[in-house]
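Enquirer: Residues per chain are reported as follows:
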Amino acid sequence: MNETIQLAHGAGGRMSAMLTEEILRPILGNPILDRMHDGAVLDIGGKIAFTTDSYVVAPRFFPGGSIGRIAVCGTVNDLAMTGAEAKYLSLSLILEEGFAVEELKRVLQDVREAADEAGVSIVTGDTKVVGHGACDGIYINTAGVGALIEGADVAPQNIRPGMDVVVSGFLGDHAATITASRHGLKLPEAIKSDAAPLNGLVKEMLRAVPEIACMRDPTRGGAAATLNELAAQSGTGILLEEELLPVRPEVEGVCELLGFEPLYLANEGKMIVFVSSEKTETLLTVMRAHPCGKEARRIGAVTDKAPGQVAMKTALGGIRIVDMPTGSLVPRIC
Amino acid sequence: MRLMEVCGTHTVSIFRAGLRQLLPAEVELVSGPGCPVCVTPDGYMDAAIVYSGMDDVIVATFGDMLKVPGSASSLAEAAAQGGDVRIVYSPLDALAMAKENPEKKIVFLAVGFETTAPTAAAALLTAERENVGNFFLLPAQKLVPPAIRALLADEDARIDGFLLPGHVAVVTGSNIFSFLAEEYHLPGVVTGFSPTELLRGIYRLVRQATAGDARIENEYRCVVRAEGNQAAQKVMHQVYETCAAEWRGLGAIPASGLRLRDAYRHFDFSEARPLDLPPVPPKKSGCRCGEVLRGKITPKECPLFEKICVPEHAAGPCMVSAEGVCAAWHKYGGGIFQYE
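From first to last, the protein sequence lines are chains A and H.
Per my numbering, residue 1 is the first one in the first sequence, and the count goes up by one each step.
Per my numbering, residue 1 is the first one in the second sequence, and the count goes up by one each step.
Chain H extracted, bound-state conformation (with noise of 0.2 Å):
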């Protein structure tokens, strides 16, 4: 039985608590494509780290943007280089970093999934209310259930149930996930991150799987309602729509991205800002994270994996954040670590 968990901060969790080791061999737990640094492109990196060297400009980020590769450098590159990149813990340290810097434009990298996009909307409309005129974002958030979807296209995807993100529960609801029983008669449960959360959620997934049903559970009750939180969503649609989007890895998923609408078109920078970046070469590494985002194959099945391809080194996105895929695996051992 294959269950897949879609959220890299529950892979993280996994590995942690040691819970690949205790499961009985019949289940085997597969990593998914929701870390959202791992799937930002490679185009995005470079228009990003362009922006970092104008002279006008802080890029503000979430830190582990730093070290993911564009197509001929990094973020954490271009700042050795000079580049202004500052990290931030919020798009409103961000916001914060505009109001004391009037002379500079400041560009949010806004990345990520459900989780973060309504406080970046927030931050925006904070923007608009107080006429702070040199805050921007770089948009590129996704959503978690077109991704899903478009792993399930795939024939071989192989997939008897999926442990759904909490974090991104809480704002989307758990309603959100009904597809998948409805459609690809899987089961699913939203789970917290605790390992007797996890344990809990793979129970309840297993019990389903044996019995052949097909529902979404939510085993992630104290901050997880059906419905959502709906302010977080309205500020959302208040502000982006959704588009096609560009996953590092999965390539271009319909509907599967935010844009900003017309009224806030403004605050993107790279509308406020044009640039002229040459298509981005496809790489040649032989780098696998594609598959592996995927589950279709583990990390130790690609060929760099912990050879030419380690944190310190990264040739994927994968082992780029501490949330990747691979960067867990490496970190844990490996994959199921046997002390002996």
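One chain only, chain A, in its complex shape (with noise of 0.2 Å):
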């Protein structure tokens, strides 16, 4: 059967609930959600993170993922990057008028086994739909709470000259997969989008070295950005070195065809960790040995020159500029 999205899904009426009922509970359902009063009331103790993030990535499928995977993947890493454990999402779809109601269901199983893996419940949510053309098939917002990991103090201010900097992993796979289906290239079935929750690895590098001095996610904008603000709101500077970036062949590849550099793709399951370089080894041992983590390295190191600035040294032995990326990446002419 080829149903679809109707307008009055959304209408709060009999199709609303046969949407919640049919549709939505049976794939995300859990004792929380089920209770299906107004809000989810949630036990948690001692200091909480909270975030949210709105979710539009074209296509909605790619290898590797999808926008129901991101959705859940983006929300847990930033709560991680906190120091805190992901413990309950919210989930608030936005749907377009005509929407198959199979795609809907990919999505929510998709989103459904990032939850499971990030050890996440969906504990509300919302439905709305608009209109034919008011949106792009489906829009996802979510936001989550999680508890503040014991001993964490991780923040861009504890940033000081000397400590290291840690990626967990080959830069640009999300950015450089989506960007190859855009366009129609045909990449090894090795490549594609690393979307994971950070959130188990997280715990492991905060028990093994709980001095952690700061940590992000690299998505939107890439190393680059996340970088430039780190550099911006610690005060330090940030050299990088060229020859230490793990980028896969394949990637670079992409990049070269369509003029991007791997610094400023996005990354869906990857983080930057900042690190007193006497801890860095321990560190660096503890991240390889989890799935996510196994092609940690370090990458460069915080200064006191050119404060607020990152930098990278070239494999020729120049030093040059990092900068902040500026509007969206588009193709170049030749």
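None of these hints come from the bench; they were simulated from the model.
Treat the hints with caution; some may be incorrect.
Below are the DMTMM-like pairs computed for lysine to aspartate or glutamate, each with C-alpha atoms no more than 25 Å apart in a straight line [unchecked claim]:
hint, chain 1, residue 1, chain 2, residue 2
1, H, Lys104, H, Glu271
2, H, Lys307, A, Glu229
3, A, Lys305, H, Glu306
4, H, Lys105, H, Asp55
5, A, Lys313, H, Glu26
6, A, Lys313, H, Glu197
7, H, Lys284, H, Asp42
8, A, Lys186, H, Asp93
9, H, Lys99, H, Asp56
10, H, Lys105, H, Asp42
With the hints as a guide, dock the two chains, each given alone in a separate frame, to form the complex.
Expert: The structure is reproduced here in structure tokens:
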């Protein structure tokens, strides 16, 4: 049957109830959600972290993930970067009239799988339907709360000269995959989005090295944007070494073809970590033991030179600026 | 010793590799006019903007044209106001778009140097063969050698050698640059885009210039031949003939542009649907892109650079495209970046 979403699915009546009872709850249900009250009542002790993010990615399904998967991973990871362990998420759907119910179910399945993988529950949510053409199929917003991990003190202000900069794995896989599929470029199957929940890895890292100064996931704008933000917020300089950057040759190839730089490509399952250099080896050992951190490595250091700026020592030995990305990525002419 | 890299991709590669910082003070690299987006004049953009607003027209373009200012607006602004502007990676994408949208006229903005002209010509020939009647070009392609001649006509050019554009030479062959050595007694080296290729190119130029030699060397032999890609040249010459062209910042240069030959003129949208646009008024912004493009000043010497002119709000064309000289200088720290 080719069922599609209709405006009545968002009108609050019988159709809305059907959408909730026949599609959403069977896939996402859990004891808290199943109470079906206006809001979820949660038991969280101590300090909590709270975040929200909206997801509008096109295409909706891509090698390694989907809008549903990143809607969970993105929010879980934002919490993890504050040193908190995500527990509960909300899920808001904005659906376009005419969107196929079958596709909605696939998205929700991915939400469920990612939530299970991350060990979080979807405990409340909302659905709106907008007219045909008013949105592109489906937009998702998730918000999440989590409890701060004991002893964690993760903030840009903790970054000091002399610290090492560590990345958890290959850069740019997600954006390279999405861009390639947008442009019909065929990539080898090994290249797929890195979308993954990082909360498990973060928990291991903080257990072994509670002194971690700062962590951030380099999503939109890539590592370049994240590092520039952190350099500005901490008032330190960050000096990367080009030869240490982990970039898959295939991703390098996509970049060369389309005129991008891997440092500016979004990631959905990577993090950049700042740690005192004497703890770097311990941290790397822990990270490499986790599936999300197998390729973890040091990529540079924090310096007291060029405060607020990110620079990179090139393979030839020159030092150049890595600036904040401007605008969106557009193809180049020659 | 002043060496000019003509090509915008070279400019960016040099910055990305941090090459300027490594060179001895005696070797200065100056950037030339080799970003086709930057040299596309206001009037052309104005026409593209008007076409994009027509109900039956889709303007297909390389992405870096979007932000290029016309006399009052840009394609990005036109698109935001409902104009139909779509980004393509190749003229062949535009041709496919024409087949998918038979009720629309697809106008491909044929901008670029010798690098992109053959594919536009090939797309046109395919359209003709397959009777695709709704595929058009808005031609503004340009040729690199006449621009180099125009630079050298200036008495204060003070250029001691040229790093020659590898991608252009793939099509034209390295021989096309022989006039540098023969007429101007200047050395030139065709180079690739990796840091080591660029470094080898610079080394060869310095060696020639020091010895007083003037030869055209090919440091990009893996893809560039002396006679170039003759199949590409043939297609190009079949479809195009040379004409005088307006270069933003440089002015009119004789025989530096390409226009469609009479037999293919009906593919030129400006002929198929002529516009009566008012002449572009001269701008008085103080922008010195013209001198930047000729290598006469560095972006830093322009009073607008990084003050009112930044990529998010470009006053001049060199700041618009990622491969524009000013945009590259801005992105990489305003020239020779000192880490301190």
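Enquirer: Confirm or reject each hint.
Expert: We went through each hint and held it up to the structure:
no. : hint                 : in the structure
1   : H/Lys104 to H/Glu271 : holds, 17 Å
2   : H/Lys307 to A/Glu229 : holds, 22 Å
3   : A/Lys305 to H/Glu306 : holds, 22 Å
4   : H/Lys105 to H/Asp55  : holds, 9 Å
5   : A/Lys313 to H/Glu26  : holds, 23 Å
6   : A/Lys313 to H/Glu197 : holds, 18 Å
7   : H/Lys284 to H/Asp42  : holds, 14 Å
8   : A/Lys186 to H/Asp93  : holds, 16 Å
9   : H/Lys99 to H/Asp56   : holds, 14 Å
10  : H/Lys105 to H/Asp42  : holds, 23 Å
Violated hints are absent here; each numbered hint is respected by the structure.
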